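Chemist: Following the hints, complete the assembly by docking chain B onto the known chain G.
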Amino acid sequence: MLGAALGGILGSVLPGASDGTWALLGMAGALAGVTRCLLMLSPNAVARYLHLALLVVLFVAPITQSDIPRWTPELAPSDPARAPGERGVPRARRCSAGTSRTARHPLGRETTCRW
Amino acid sequence: VFGTPVAAVLLAVELLLFEWRPRSMIPVAVAACAAEAVREALSHAGLLRAAPLFPMASHASLPFSVTLGAVLVGIASGALAWVMTRCVYGAEDLFGRLPLHWSWWPAIGGLVVGVGGLIEPRALGVGYSTIGAELAGRLALGTLVGMLIVKLVIWSVALGSNTSGGILAPS
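So the sequence lines, in the order shown, correspond to chains G and B.
Its first residue numbered 1, the first sequence is counted upward by one per residue in our numbering.
Its first residue numbered 1001, the second sequence is counted upward by one per residue in our numbering.
Source of the hints: derived by calculation from the structure; they are not laboratory data.
This one's a predicted model, so the numbers in the text were calculated from it and none came from an experiment.
Any given hint could turn out to be false.
[Stated by the list, open to error] Computed spacing ranges between beta-carbons, pair by pair: (1) G/18 with B/1149: 22 to 28 Å; (2) G/13 with B/1138: 17 to 23 Å; (3) B/1071 with G/18: 16 to 22 Å; (4) G/13 with B/1121: 24 to 30 Å; (5) B/1049 with G/13: 32 to 38 Å; (6) G/15 with B/1055: 22 to 28 Å; (7) G/15 with B/1121: 27 to 33 Å; (8) B/1102 with G/18: 44 to 50 Å; (9) G/15 with B/1083: 24 to 30 Å; (10) G/18 with B/1039: 27 to 33 Å; (11) G/13 with B/1106: 36 to 42 Å; (12) G/13 with B/1103: 45 to 51 Å; (13) G/13 with B/1052: 26 to 32 Å.
All C-beta atoms, glycine included, are put in the ideal place defined by N, C-alpha and C.
Chain G on its own, in the form it takes in the complex:
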């Protein structure tokens, strides 16, 4: 919803396509950004909207997230300890807001991210 709203807003000033098309691109970009993966190609989009523009959005959006460490199981054993005064999940074990992962830490702790 947020990505489609952003795409719709940008579509009011960008030429060449309908507001709905820009909303679709925005939605795809936001989903690709928060999940940092390129998986949001629905068959409907592939069949009717597979266009360089969609691929560009799907590649550009995740790149902007490179400063946020991506959570992977391999990252867990080498996680730094919680920083002094830090609350919540240690940043090194945080994943983006769009991911959903539950993995058991070697020490028995569990990390869950929602989507």
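Modeler: Chain B alone, transformed into the frame defined by chain G:
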């Protein structure tokens, strides 16, 4: 729900199974194929809606200018995703600093969601109809701006308060 088996396979492997290996890919692909077959059968029997959840009209070939605009949209949506992620963790940290027992957090989050709903009712709920309206280009610019702000706030506060929530469909 979405009738997108290919995306479902990639999503499950990427976000849940962590690895791009046949041992992960094949079982999920088989499950997705089976689910799609059942979905087709149910839709033919009239038990499910056969139409896509978000139907979109076909259009003519897009000009190259759209590709240039897509770079801007990609950067902007990536920035939005960054803001969304930061807002969720910021809200979590904010709740952690509250001098209240954690059992009160969902109530506070619910209160914020309710107030946001009074400001922009379209931001409430699963949001399928709102997303459909967005993709159909039926919403005015002011509505989109208001919804973007309100939804961002109530979504991040709701998740930060440890209430259940999501991002793929509801947001």
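Chemist: Honestly, which of those hints from before does the structure not fit?
Modeler: Hint check: nothing fails, all pass.
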